[in-house]
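Participant: Each chain, written out:
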Amino acid sequence: MSTMIQTNVQVYAVFIKASPEQIWEAITKPEFTSRYFYGSLVDSTFEAGAPYRSWSPDREKLWVDGEVLDSDPPRRLTYTWRALYDEETAAEEPSRVSWEIEPQEGGVSKLTVVHDQLERAPKTAENVAGGWMYILSGLKTLLETGEPLSS
Amino acid sequence: MNDDPVFKALADPTRRLLLDRLYERDGRSLTELESDLAMTRFGVMKHLRVLEDAGLVVTRRSGREKLHYLNPVPIRLIHDRWIDKYTERRVSALADLKHKLEETA
Numbered sequence: 001m002s003t004m005i006q007t008n009v010q011v012y013a014v015f016i017k018a019s020p021e022q023i024w025e026a027i028t029k030p031e032f033t034s035r036y037f038y039g040s041l042v043d044s045t046f047e048a049g050a051p052y053r054s055w056s057p058d059r060e061k062l063w064v065d066g067e068v069l070d071s072d073p074p075r076r077l078t079y080t081w082r083a084l085y086d087e088e089t090a091a092e093e094p095s096r097v098s099w100e101i102e103p104q105e106g107g108v109s110k111l112t113v114v115h116d117q118l119e120r121a122p123k124t125a126e127n128v129a130g131g132w133m134y135i136l137s138g139l140k141t142l143l144e145t146g147e148p149l150s151s
Numbered sequence: 001m002n003d004d005p006v007f008k009a010l011a012d013p014t015r016r017l018l019l020d021r022l023y024e025r026d027g028r029s030l031t032e033l034e035s036d037l038a039m040t041r042f043g044v045m046k047h048l049r050v051l052e053d054a055g056l057v058v059t060r061r062s063g064r065e066k067l068h069y070l071n072p073v074p075i076r077l078i079h080d081r082w083i084d085k086y087t088e089r090r091v092s093a094l095a096d097l098k099h100k101l102e103e104t105a
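Chains A and B are the protein sequences, given in the same order. Under the numbering used here, the first sequence has 56 at position 56, and the numbering climbs by one with no breaks. Under the numbering used here, the second sequence has 104 at position 104, and the numbering climbs by one with no breaks.
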């Protein structure tokens, strides 16, 4: 992905055979995120204004620090994103992550992740470009089969 | 999810070119995408529609413009489902063969 010119907006989408409620749970519960999000443990009340945090699997290190901007379960969640797992991304301005869940026909939901406000976070843009694809693929596999992706 | 629309969308050189152009720079309008293609606006729209139906392109509104974004997730899913499974053994078998042939040459 290194030759790709990063833009300030990245959009990823996937259709998952699951209800919006199941997807919301997978995004907001650490027992789920630990199985598809690099082992990380999400930690937030998911109310607007509350901190959004993501911890390393051993809870020793804070990997992502942010603030919940907008929360409308089980349809929409937006928070700021500052990745602390890397020195260069940690030094950048916060960017913004939005999850949108739209129910479709046949018990399928469309999940869209928009990572934007990356103007002042070029290293973050580069860092997350391959990551979201891997995460959404893993989330789909987990919800549809009950098993995490084998790495 | 059915893989057919993704394989069909990828089985066309113009559509692969459109994906490559979005890979180079993401978030483009139809006007930008059609600018250096020897094709009518309608033709480009049709191809974008196929890519969108396959989930390979996602559109977002930005003011009055509709911007097109490359969504690599379906390709990743094809990779996980189809490529990983078959390539590992085959590739190592070919590598062994190449090694043997070169040894005897």
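Do not rely on the hints blindly, as some may be mistaken.
[Unchecked claim] Partner residues aside, some chain A positions facing chain B, computed with beta carbon under 7 angstroms: (1) Val9; (2) Leu136; (3) Gly138.
Derived by calculation from the structure, the hints in this document are not laboratory data. Computed from a predicted structure; not experimentally measured. The C-beta atom is built at its ideal place from N, Cα and C for all residues, glycine as well.
Participant: Just to be careful: measuring from the Cβ of Gly138 (chain A) to every Cβ in chain B, is the smallest value less than 7 angstroms?
Facilitator: Violated: closest Cβ of chain B sits about 9 angstroms from Gly138 (chain A), beyond 7 angstroms.
Participant: Regarding the hint that Leu136 (chain A) lies at the interface with chain B, is the smallest CB-CB distance below 7 angstroms?
Facilitator: 5 angstroms, holds
Participant: Is the interface hint satisfied for Val9 (chain A)? The criterion is a beta-carbon contact with chain B at less than 7 angstroms.
Facilitator: 5 angstroms, holds
Comparing the model with each earlier hint shows a violation of hint 3 alone; every other hint is respected.
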